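Taking the hints into account, I'd like the entire structure generated from these sequences.
Every letter in the sequence shown is one number past the one before it in the numbering used here, and letter 60, counting from 1, is 73.
In case anyone wonders, no lab produced these hints; they're calculated from the structure. Keep in mind the model is a prediction, meaning the values are calculated, not measured. Cβ atoms here follow ideal geometry from the backbone N, Cα and C, with glycine treated the same way. Keep in mind that a hint or two might mislead.
To be verified - Computed beta-carbon distance windows for the label pairs: (1) E69 to P102: 21 to 31 angstroms; (2) G52 to P95: 19 to 29 angstroms; (3) R99 to T58: 29 to 39 angstroms; (4) R65 to S15: 40 to 50 angstroms; (5) M14 to Q39: 23 to 33 angstroms; (6) P102 to D42: 34 to 44 angstroms; (7) H77 to I45: 20 to 30 angstroms; (8) A87 to R108: 10 to 20 angstroms; (9) D17 to Y48: 34 to 44 angstroms.
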Amino acid sequence: MSKDLETFIRAAHAAGVGRRLADLAQEVDAVIASYPRYGGARYLTRLTEQRRRLAEPDLPLIAHLTAELCGQDARVLAALLPLAHRLAPGHACLRRVIALAGAPRH
14 MSKDLETFIR AAHAAGVGRR LADLAQEVDA VIASYPRYGG ARYLTRLTEQ RRRLAEPDLP
74 LIAHLTAELC GQDARVLAAL LPLAHRLAPG HACLRRVIAL AGAPRH
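What follows is the structure, given as structure tokens:
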């Protein structure tokens with residue numbers, strides 16, 4: 014993993030991605046805990062896979078959550094945009110963060 018990518022991931026977590034991952038994991042855990050005993054195995058498998066992915070997030074998931082945070086807070090976007098620009102040629106999932114820089118603010 015490149016130093017820039019490592020820095021981006023750390024900065025994204027500091028900006029709130031880590032908290033969002035934890036919140037989502039709690040939601041999934043609550044759904045799994047309340048899942049009917051005789052519910053469909055396919056949906057439970059999907060939930061279990063979601064829980065695993067939240068525990069071990071890949072770059073596309075981190076980028077998606079980062080883009081959501083950037084869309085909500087211009088300061089987060091300003092902090093992460095330079096790194097996203099440097100990394101986007103090798104990581105297409107970061108283009109959404111860059112696209113937010115040109116999007117109108119509400």
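key: Which numbered hints fail   = 2 and 4
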